[in-house]
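Spelled out from the first residue to the last, the chains are:
2 protein chains.
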Amino acid sequence: MQVWKDYQAQHKDRFLNELLELLRIPSVSADSRHNEDTKNCAEAVKQRLVEAGADKVEVCPTAGHPIVYGEKIIDPKLPTVLVYGHYDVQPPDPLNLWDSPPFEPVIKDGKIFARGSADDKGQFYMHVKAFETMFNTNTLPCNVKFMIEGEEEVGSGNLGKFLSENKDRLKADVVLISDTAMISLDTPSLDTGLRGLAYMEVEVTGPNRDLHSGVYGGAVANPATILAKMIASLHDENNHITIPGFYDGVVELTDEERKALNSAPFDEADYKKDLGVDELWGEKGYSTFERTGTRPTCEVNGIWGGYTGEGAKTVLPSQAFAKISMRLVPGQDWEKISDLFAKHFVAIAPKSVRVKVTPHHGGAPYVTPTDSIAFKAASEAINATFGKQPIPVRGGGSIPIVALFEKILGLKTVLMGFGLDSDNLHSPNEKYGLDNYYKGIETIPYFHKYFAELSGK
Amino acid sequence: MQVWKDYQAQHKDRFLNELLELLRIPSVSADSRHNEDTKNCAEAVKQRLVEAGADKVEVCPTAGHPIVYGEKIIDPKLPTVLVYGHYDVQPPDPLNLWDSPPFEPVIKDGKIFARGSADDKGQFYMHVKAFETMFNTNTLPCNVKFMIEGEEEVGSGNLGKFLSENKDRLKADVVLISDTAMISLDTPSLDTGLRGLAYMEVEVTGPNRDLHSGVYGGAVANPATILAKMIASLHDENNHITIPGFYDGVVELTDEERKALNSAPFDEADYKKDLGVDELWGEKGYSTFERTGTRPTCEVNGIWGGYTGEGAKTVLPSQAFAKISMRLVPGQDWEKISDLFAKHFVAIAPKSVRVKVTPHHGGAPYVTPTDSIAFKAASEAINATFGKQPIPVRGGGSIPIVALFEKILGLKTVLMGFGLDSDNLHSPNEKYGLDNYYKGIETIPYFHKYFAELSGK
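Chain order of the listed sequences is R and H.
Mapping of the first sequence onto the numbering used here: position 109 corresponds to residue 142, and the numbering continues sequentially without gaps.
Mapping of the second sequence onto the numbering used here: position 157 corresponds to residue 190, and the numbering continues sequentially without gaps.
Some hints could be false.
The list cannot tell twin chains apart, which means a pair is met if one copy fits it or any two copies do.
What the hints assert, rightly or not - Only pairs whose alpha carbons sit at most 25 angstroms apart, straight line, appear in this in silico PhoX-like list of lysine-lysine:
#, residue 1, residue 2
1, K409, K38
2, K317, K262
3, K305, K262
4, K389, K306
5, K409, K292
6, K305, K389
7, K421, K38
8, K306, K384
9, K305, K384
10, K105, K89
11, K384, K262
12, K262, K389
13, K317, K384
14, K194, K440
15, K262, K376
16, K194, K204
17, K305, K292
If you're looking for bench data, these hints aren't it; they were derived computationally from the structure.
Turn these sequences into a full structure, and let the hints guide you.
Here's what the structure looks like:
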């Protein structure tokens with residue numbers, strides 16, 4: 034609508050500067066040294082919601098990082114959209130690989146480079162600005178509620194309790210989230226599903242102290258070697274995961290679903306070039322889209338043990354460690370998978386070492402219905418601003434709480450992401466396109482408009 | 034001899050305090066941040082040699098850390114003993130596992146706890162004090178030369194050049210080294226051989242940046258997983274090393290040699306208890322003594338990649354690294370083995386990653402003759418102070434330059450170590466027994482006495 038276009042054109046620069054300010058706050062939820070920053074970020078989000086026109090804005094404490102809530106109820110009889118996002122970000126390590134400091138946003142080639150620019154500050158803030166647009170132009174077509182949390186990157190451990198204790202306050206007709214990617218601005222897409230997650234940490238202990246590799250080498254099991262053997266055994270020669278029971282209940286796609294999924298444009302040469310790899314890798318019998326969207330995985334996120342400093346140290350380490358996470362698909366229960374992993378990892382350890390497995394966190398996979406009013410509203414909104422219908426795709430990432438919304442609030446979720454896979458989420462030089470940011474702010478009001486109309490309330 | 038006993042009893046405390054001062058200098062040769070400390074340590078050693086009575090004492094610069102030289106020529110016609118030792122120490126990491134700071138020596142339960150206490154400051158300094166004893170009591174039976182270097186823990190890269198350029202200055206009849214262990218003070222032993230070493234660093238690179246393990250996981254090779262598979266493949270199910278050609282030329286022991294080696298007292302239950310392991314591990318078909326003394330090994334000394342900080346980061350790392358070293362036995366050439374390893378490690382890498390192998394350093398294995406005058410002198414010296422003949426054993430460690438002495442100076446080496454395997458060499462809480470220290474100082478003069486007598490010069 035012209036009124037939205039005009040308002041947004043007029044406040045374009047402020048919309049950007051406000052985001053840059055948020056990006057300067059290092060709200061790293063995984064690192065307790067940043068607890069104060071995370072708290073300050075929550076306060077900043079609260080302030081922005083108030084300025085945008087939201088009521089009852091509040092920083093709600095939890096056992097971990099707080100959740101920011103705000104709402105605008107224009108008419109209880111109208112449908113209500115619950116917007117979810119997160120203001121916490123991933124750790125920036127390894128810092129030396131950033132071209133500019135992660136918390137000093139830089140705009141280059143039309144992109145904002147900063148940790149959190151795409152995941153998720155840049156994306157949830159589009160909703161704040163879209164809401165401001167509708168509110169200040171008196172065109173808000175429905176009720177809106179905001180729930181912006183601070184623990185998404187560490188598993189949203191305290192959100193379930195918050196949902197259960199605030200069912201009335203969070204009453205809504207749909208959850209709307211922008212925390213995923215589309216194929217490109219030329220080829221808009223909508224996520225129809227997300228993978229679940231089970232994140233584990235393992236500790237392998239051999240001798241009770243680091244040993245001289247000459248005096249003891251050859252006679253005592255080296256925990257780094259044993260850990261390597263254990264990790265190596267988690268995939269077979271076809272890159273199937275070997276944990277007993279891991280695939281039980283996994284829902285295979287129908288031929289139609291596979292066909293639809295693989296119909297999305299994909300250029301393997303470009304994909305490899307962008308990643309700098311000569312050859313792709315993955316489970317035998319599946320395409321790249323299927324491997325990242327519809328199949329479970331088991332990845333080493335980190336591994337360490339022994340001497341990792343400068344030069345040489347001839348030590349036989351006492352311990353070796355790894356962070357290992359599994360992406361899960363419909364049919365898999367993350368708690369059951371965590372148990373299966375722990376049992377298996379202990380079972381395959383030789384008697385010469387001791388193994389400890391600690392589950393970090395997890396979340397259930399989710400598939401969203403494509404025949405719902407909300408999904409149609411999202412498709413039409415994208416069509417209205419992109420000029421074409423979005424392609425339905427399966428996202429490989431995980432937003433553990435999407436399943437919680439359904440379980441606790443009984444709400445379906447629409448995943449309307451405006452990022453790109455190449456935004457370097459969780460990586461150095463994370464970026465978010467200015468066009469993606471503005472296009473999101475432009476598109477979101479149409480979702481509210483169509484959702485209200487289609488709801489016919 | 035009584036005169037030695039009296040002198041040493043009189044100066045007992047000073048002998049100890051001087052060692053403690055040396056131990057307070059963090060001469061970590063592998064860490065360039067300690068270059069100044071290493072230099073200061075060399076100067077301190079020089080000062081001590083001068084005080085002990087040595088002539089022509091000099092800190093000789095090299096391309097790396099300096100070598101301290103000193104000598105006492107009482108009569109060119111008498112035999113000359115070249116004492117070798119090293120004043121550099123291993124890095125103290127992991128610091129958090131030390132009960133007391135590594136460079137603030139503490140005496141507890143009759144042992145000196147400090148990095149370098151046994152390897153090798155405590156052991157080479159016994160020779161300085163033994164020399165002082167003989168010199169100040171006018172009982173020096175032969176000429177003595179000292180060569181104390183500062184790069185033993187990083188492969189003695191500059192010593193070969195020094196030997197070649199100082200052949201005359203280093204002219205001697207035998208090399209005497211205390212940098213190894215004996216079974217115990219009740220069961221003295223003499224090393225008859227040392228293993229060689231080939232130390233490598235490997236780097237496995239997958240994608241050109243850390244990736245989101247959800248967005249890309251399952252479709253791109255994870256370098257940490259690939260590195261684990263490559264390391265796992267280095268040993269087969271019998272713990273034989275799988276590198277093609279690795280065992281070529283390895284000299285197998287005769288049945289007699291195996292019998293003699295395994296005749297040394299060994300209590301597997303105590304050994305496991307000391308290490309805190311339920312089960313030993315090693316190459317099928319060999320005893321623990323054989324595994325550590327006579328068989329080559331391949332050990333992971335360090336491994337790292339991805340996110341190793343607090344909490345969880347769902348990253349698919351761009352790179353993974355490992356430090357891997359091989360202990361070598363007679364018949365193996367460390368440079369050839371380094372090449373074989375590098376070729377093999379590159380060869381087994383899948384096309385989905387790139388592999389870089391960097392050799393750190395190495396050294397040849399060594400077997401010392403047991404029928405030489407020098408070995409007899411060492412045996413008799415131990416017999417004189419311990420009251421029993423030492424058991425000949427094969428040491429598992431490496432002193433790369435022992436082979437260099439033979440090659441460049443044409444000298445055989447006697448390995449008269451007074452440490453214990455349980456001294457935590459290269460580990461936290463390294464220690465050296467006060468009894469071992471004083472027993473060494475007491476025993477060494479007898480070596481010079483008997484060596485001079487048996488040489489009959």
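Quiz item: With identical chains treated as interchangeable, where does the CA-CA distance between K194 and K204 reach 25 angstroms or less: within a copy, between copies, both, or neither?
Solution: within (15 angstroms within a copy, 80 angstroms between copies)
Quiz item: Quick one: K389 to K306, C-alpha cut-off 25 angstroms, is that within a copy, between copies, both, or neither?
Solution: Between copies only: 20 angstroms across, 39 angstroms inside.
Quiz item: Which holds for K194 with K440 at a C-alpha limit of 25 angstroms: within a copy, between copies, both or neither?
Solution: within (12 angstroms within a copy, 74 angstroms between copies)
Quiz prompt | Copy assignment of K305 with K384, given that the CA separation must stay at most 25 angstroms | solution = Cα proximity of K305 and K384: across copies only (12 angstroms, versus 42 angstroms in one copy).
Exercise. Have a look at K409 and K292 and pick one of within, between, both or neither, based on CA distance no larger than 25 angstroms.
Key: within (21 angstroms within a copy, 83 angstroms between copies)
Quiz item: Between copies, within a copy, both or neither: which fits K305 and K262 at Cα up to 25 angstroms?
Solution: This pair counts as between: shortest inter-copy Cα distance 22 angstroms, intra-copy 28 angstroms.
Practice problem: If the cutoff is 25 angstroms on CA atoms, where do K305 and K389 land: within, between, both or neither? Let me know, please. | Solution: Between. Shortest inter-copy distance 20 angstroms satisfies the 25 angstroms Cα cut-off; intra-copy 37 angstroms does not.
Practice problem: Can you give me the call for K105 and K89, within, between, both or neither, at a CA distance of at most 25 angstroms? | Solution: Result: close within a single copy only, 8 angstroms intra versus 89 angstroms inter.
Practice problem: If the cutoff is 25 angstroms on CA atoms, where do K421 and K38 land: within, between, both or neither? Let me know, please. | Solution: within (19 angstroms within a copy, 98 angstroms between copies)
Practice problem: First find the shortest C-alpha distance between K317 and K384 inside one copy, then the shortest across copies, and answer within, between, both or neither for a cut-off of 25 angstroms. | Solution: between (33 angstroms within a copy, 16 angstroms between copies)
Quiz item: Under a CA distance limit of 25 angstroms, which applies to K384 and K262: within one copy, between copies, both, or neither?
Solution: both (14 angstroms within a copy, 21 angstroms between copies)
Exercise. Tell me, please, which holds for K409 and K38 at an alpha-carbon limit of 25 angstroms: within, between, both or neither?
Key: within (23 angstroms within a copy, 98 angstroms between copies)
Comparing the model with each numbered hint stated earlier shows that all of them hold.
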